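Full structure from sequences and hints, please.
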Amino acid sequence: MKIIRISITIVLISIANLLLAGNGMWLPLLLKALNEGEMQSMGMKLSAEDIYSVNEGSLKDAIVHFGGFCTAEVISDQGLLLTNHHCGYSQIQSHSTLENNLLKEGFWAKSHTEELTNPGLFARFITRIDDVTKKILTGVEKGMAEKERQSVIDKNIAAYKETLRLKEYHDVIVRPFYHGNQYYAFQTVTFNDVRLVGTPPESIGKFGADTDNWVWPRHTGDFSLFRIYAGPNNEPAEYSENNKPYKPKHFLPISLDGVEEDDFTMVFGFPGRTNQYLPASAVEQIVETLNPAKIEIREAALAILDEKMRADEEVRIQYASKFARIANYWKKWIGESQGLVKTNAIDKKRKFEQEFSMKNEKIPSNVSLLPQMDKLYKDIEPYAFTRDYYSEVASRNIELLSVSSILGRLVTRYEDNGLDAYKAFLPRIQGYLDGFYKNYRPEIDKEVFATLTEMYAKNVNQMYVPDELKSINGRKGFTLLANKIYSESSISDKDKMMALLDMEPAKAIEKLKMDPAYMLSSSWGSLIDEKVNKPYNQYRSELDEYQRKYMQAIIETFPNKRFYPDANSTMRVSYGQVNGYVPKDAVYYTPVTYLDGVIEKYVPGDYEFDVHPKLIELYQSKDYGQYADTNGKVPVCFLGSNHTTGGNSGSPAIDAYGNLIGLNFDRVWEGTMSDINYDKSICRNIMVDARFVLFIIDKFAGATHLIDEMELVHPKNASK
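Numbering (the working numbering), first residue to last: 424 to 1143.
The set of hints was computed from the structure by calculation and includes no laboratory data.
As the structure is a computational prediction, the values presented were derived from the model and not from experiment.
Among these hints, one or two may not hold up.
In silico lysine-lysine, BS3-like type, Cα no more than 30 Å apart, as pairs [said to hold, decoys possible]:
id, residue 1, residue 2
1, K667, K533
2, K936, K907
3, K907, K731
4, K765, K801
5, K954, K881
6, K731, K869
Simulated DEER-style distance windows between Cβ atoms [to be verified]:
id, residue 1, residue 2, range
7, E979, G543, 43 to 51 Å
8, P982, M886, 46 to 54 Å
9, A847, E564, 37 to 45 Å
10, K936, D594, 51 to 59 Å
11, R551, S574, 41 to 49 Å
All C-beta atoms in this analysis are idealised placements derived from N, C-alpha and C, irrespective of residue type, glycine included.
This is the structure:
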């Protein structure tokens, strides 16, 4: 009986570890110490050194921070980059016109000379990662005020950077981890000549568009191709016709063997932001107060844009990127709140907090942390709500007010720093506005203005409503206000605005300050700064201090547990397996979708579910080449239990052998709460199958020359 009990205990521990496996976004530097064994037990055939090495080419050398907002990976020895269609969307859009619509028709460069330049787009590699905690926290004393503490840290970071001898295209980024309890330095090399190579049409790259966003089953070929170019000696250089394709230290071979349930998967990339260690009171505030407000605002804005885009193809092109950006987090917040409720995240956090408090009952400084944080979250709530409401209305969804706020920086530079500062900043403003007006319709923005300002005046405490909105009643009143501002404002008209900026600086500033849109933006912003942001920032500073202390106390209280740091746009590895999931009672989602599903969803002429005639032809003729699965079908997407978030878009899905098997681009709706509470039961990331990517490049686009520069492998067959 004793042996049986021991065996049962071992089994239960193994099950517990399995349930936790895949949770977290880990620093590649620390995989050897923390994760290698677990990863290999899940099927990985690599070593930690194969993943991260300073002296030898490793997987990290094929991973790129794409533009600072997405991830990409090198897939050939000629610097060919694979990332998401939505990551390259603004570049694709910038090259599109009604006459040459790359969004609608796609684009495939037939040679290097046809590849399209993208000013401002960069590809950044990580060359090494170092733990610099001791250096950065030198001189930091217990009990220091937060400002004093941060001042010491900032000086230490500056001093540390001074010790490094870096070339002009190298940099070092020092970031806090575990809420400021540890610090790591990331040495980087940045390439600024990145060219568009190929993209499928939207009917593939954005198939399902907003309806399918965050949803499984998914059938989206969300990919695009770029190429890194280098100057002499394969080093970074500004754009030049003489630049050559970059020769990488490592590139990812692509597996043709595909995936099966429970296969090991690794996602390598630059996840943006997570908050796994928030107290229950913070999560409760997100679910009950903050998310509902933001969802309501974006829903109203999206309804207007959707109507206009469906009625006019030119508007659809102009607003496609904006709509996708607004809809993305609108839908994410809905799924996040529902997932947090479904997985009882708040109750789980309260139970953890009870255990934490019990273990610290003899340490008063630790016991007091959670009650203090709970009080601070209650105190900050009205300011957090108003701040989010203002941000969504005036900064993100009413474009006229957003641009007015940006123009305020020009005014500030002139008034605070004089004529030279004005002249130095003016070209940046003019360049920004030139791009802005290309995709701006004041008649649409005016309708958004009327709708959202009415919502703000109705739902926010009157203390925080600007005088210009207080006296207005009903939709008619807000519509009249919108008509007046948009007809009288120079900012709503490109020609008038550019003419204003061509004026003598003093006159330009005087006229700008009298513009009705600028006046509203300025007075509203000042009100928020004074009555909302000041108290909010004070509470936020206190909460950050308590969160840092709480994080340190958690690590000390549970010394035998592994705690991964929250995402902060630095290089991370997450690992899991190919798994389906149960979204609701009596429903199980299998982990792979096929081209058959694309045809099943096909709605002729629909901007979300139309299918290109060439793809229909390939499906009907079953001309799949080497890209079909063993069942004779072409796979499109698959699921994994990898912990991902924004910034992981474009991340490679890597198999047990170090080969590319897919391209991460989304999460399932039920699991979007993984930013706050990862739960393996429903948290899944969505990936384009690499074979579908190859199928589209080869069979659909006929860009066989791109296939020829890749290395296609059969790792499963080779291992048998």
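Hints, verified against the model:
1. K667 with K533: holds (16 Å)
2. K936 with K907: holds (17 Å)
3. K907 with K731: Roughly 22 Å separates the two Cα atoms, so the pair holds.
4. K765 with K801: At roughly 24 Å apart (the allowed maximum being 30 Å), K801 and K765 satisfy the hint.
5. K954 with K881: Holds, at roughly 18 Å.
6. K731 with K869: holds (13 Å)
7. E979 with G543: 43 to 51 Å: Taking Cβ atoms as reference, E979 and G543 lie about 45 Å apart, which means the hint holds.
8. P982 with M886: 46 to 54 Å: holds (47 Å)
9. A847 with E564: 37 to 45 Å: Holds, since A847 and E564 (Cβ atoms, about 41 Å apart) stay within the stated range.
10. K936 with D594: 51 to 59 Å: violated (38 Å)
11. R551 with S574: 41 to 49 Å: Taking Cβ atoms as reference, R551 and S574 lie about 28 Å apart, which means the hint is violated.
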